[in-house]
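Novice: Sequence:
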Amino acid sequence: MEYKISNRLRLTAIILMIVGAIGVGYSFYISHATFEEVENMLANESHHGESDGHGETADYAEESSVSSHVTEEANGEENHSSSNSHEVVDEHTKHVNHVMHAMHNRPWSAFYIAAFFFMMISLGVLAFYAIQYAAQAGWSPLLLRVMEGITAYLLPGALIVLAIAIASGTIGHYNIFIWMDPDVVAHDKLIQGKVGWLNIWGFAIRGLIFIGGWSLYRYFSRKFSIAQDKANDNKNFKKIFRISAAFLVFFIYTESMMSWDWIMSVDPHWFSTLFGWYVFAGMMVCAVTVIAFIAMYLKGKGLLPKVNDSHFHDLAKFMFAFSIFWTYLWFSQFMLIWYSNIPEEVTYFITRIEDYKLPFFGMLAMNFIFPLLLLMNSDYKRIPWFIVMAGIVILAGHYIDVFNMIMPATVGDQWYIGIPEICSMLFFAGLFIFIVFTALSKAPLTPTRNPFVKESEHFHY
1142 MEYKISNRLR LTAIILMIVG AIGVGYSFYI SHATFEEVEN MLANESHHGE
1192 SDGHGETADY AEESSVSSHV TEEANGEENH SSSNSHEVVD EHTKHVNHVM
1242 HAMHNRPWSA FYIAAFFFMM ISLGVLAFYA IQYAAQAGWS PLLLRVMEGI
1292 TAYLLPGALI VLAIAIASGT IGHYNIFIWM DPDVVAHDKL IQGKVGWLNI
1342 WGFAIRGLIF IGGWSLYRYF SRKFSIAQDK ANDNKNFKKI FRISAAFLVF
1392 FIYTESMMSW DWIMSVDPHW FSTLFGWYVF AGMMVCAVTV IAFIAMYLKG
1442 KGLLPKVNDS HFHDLAKFMF AFSIFWTYLW FSQFMLIWYS NIPEEVTYFI
1492 TRIEDYKLPF FGMLAMNFIF PLLLLMNSDY KRIPWFIVMA GIVILAGHYI
1542 DVFNMIMPAT VGDQWYIGIP EICSMLFFAG LFIFIVFTAL SKAPLTPTRN
1592 PFVKESEHFH Y
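Heads up: the sequence shown at position 38 corresponds to 1179 in this note's numbering, and the numbers run straight through without jumps.
No lab work stands behind these hints, which were simulated from the structure alone. Here a beta-carbon is modelled for each residue, glycine too, at the ideal position from N, C-alpha and C. Please note that a few of the clues may not be correct.
[Said to hold, decoys possible] Below, simulated DSS-like cross-link-like pairs (lysine-lysine); rule was C-alpha separation at most 30 Å, straight line:
1) Lys1376 / Lys1235
2) Lys1145 / Lys1442
3) Lys1458 / Lys1380
4) Lys1145 / Lys1595
[Said to hold, decoys possible] Taking CB as the label site, the calculated pair distances span:
5) Ile1171 / Ala1386: 17 to 27 Å
6) Lys1330 / Leu1150: 45 to 55 Å
7) Ile1533 / Pro1323: 40 to 50 Å
8) Glu1598 / Leu1150: 19 to 29 Å
9) Ala1462 / Lys1595: 25 to 35 Å
10) Thr1579 / Thr1311: 49 to 59 Å
11) Arg1523 / Glu1596: 14 to 24 Å
12) Leu1150 / Gly1553: 32 to 42 Å
13) Tyr1480 / Ile1155: 44 to 54 Å
All chains should be modelled from the sequences, with the hints used to inform the complete structure.
Specialist: Written as structure tokens, this is what we have:
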């Protein structure tokens, strides 16, 4: 059955992109405050006593209390020594610079987080799609075209992520990756030891290799899938089987290296041998959730009539399973680092627990406790609104997970979720919807000549 993207959905996607682009542009525009402007802002915030929790105003108020105290010291109170005054002024300058750099980095980081979040969904769907062919799964052929549509976002989405990363260290002020700053590298022996890997040219070339390999697999698997519908034998299916098996080997290596480059290197002093698997687990649970959402939408439109409750039950099982797998990896990474208490390792979690207490522990509840409670019961996995409710919590929780990976290294304790974060998500959500649903309209939604399609049509759990 053919799908045609509606004008309403297309308009919705365009509106999201426009609103998001305006908000992102505004965020970049107001972020370039000078030292004097930040200093005055902190003083004004302190004077008015405004506060809205752990957000920009609260943090600025805390900083401005230092600013006011320093101003008094600088005006020559006789009960303090000259050396102490210099120390306080230096501390004041340090705090103002900290807030100023956080303001400069925040829109870059928010835009990068949203770009990576939607890219990782598409990449996760591509891996899940390859697993279906390599395993010759009989339950999923009715959903394969949905997966193909979602993976259409991968090429533009991944190129955008790579472009933002490189631009942040070239046209920006090393806003995301400090190892791109030659002044930092010149005074940091640990980063100097990694320059063979952490350099812009290597970063760009590896990124293009990753994206090229993923995109080639997506192109040929899609090509053979559509050709199989018109074929009289299973040669195209066998081709997809072979390239899927090869792709999964390529994927497991490149996904790990991508996670090191695009995420872990924002903290170049820290590393974890589990990090690639940890990112993979979050990627997969988000991917399966989005497959379920789009399949439900299309079935509600009468476009996937043969997809039944058992298909959604299996998708919900994968949502549950990958959530537990993610939690296992999160705990393994956290427990081993915390127990060993090696300073250069444990500082990663100390920063997040002390400065990101709400998103750090909130993310853990959203990604483990909620899926556990909502999706453990087998009957609930067949109820669409239950799956949607669990999926919304899961997607929000894993966005916060990516947020926790990036923001502590780029803005420090000056975090909150506002216009840059929300508008970045709106922009990429609109772009994702537009590309995915346009791709879904390019081919029939049911692969009629897949050798396992009859098994999928009669699938019941």
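Novice: Now tell me if each hint is right for this structure.
Specialist: Against the structure, the hints:
no.: 1; hint: Lys1376 / Lys1235; result: 66 Å, violated
no.: 2; hint: Lys1145 / Lys1442; result: 11 Å, holds
no.: 3; hint: Lys1458 / Lys1380; result: 29 Å, holds
no.: 4; hint: Lys1145 / Lys1595; result: 25 Å, holds
no.: 5; hint: Ile1171 / Ala1386: 17 to 27 Å; result: 50 Å, violated
no.: 6; hint: Lys1330 / Leu1150: 45 to 55 Å; result: 54 Å, holds
no.: 7; hint: Ile1533 / Pro1323: 40 to 50 Å; result: 43 Å, holds
no.: 8; hint: Glu1598 / Leu1150: 19 to 29 Å; result: 27 Å, holds
no.: 9; hint: Ala1462 / Lys1595: 25 to 35 Å; result: 26 Å, holds
no.: 10; hint: Thr1579 / Thr1311: 49 to 59 Å; result: 31 Å, violated
no.: 11; hint: Arg1523 / Glu1596: 14 to 24 Å; result: 20 Å, holds
no.: 12; hint: Leu1150 / Gly1553: 32 to 42 Å; result: 40 Å, holds
no.: 13; hint: Tyr1480 / Ile1155: 44 to 54 Å; result: 51 Å, holds
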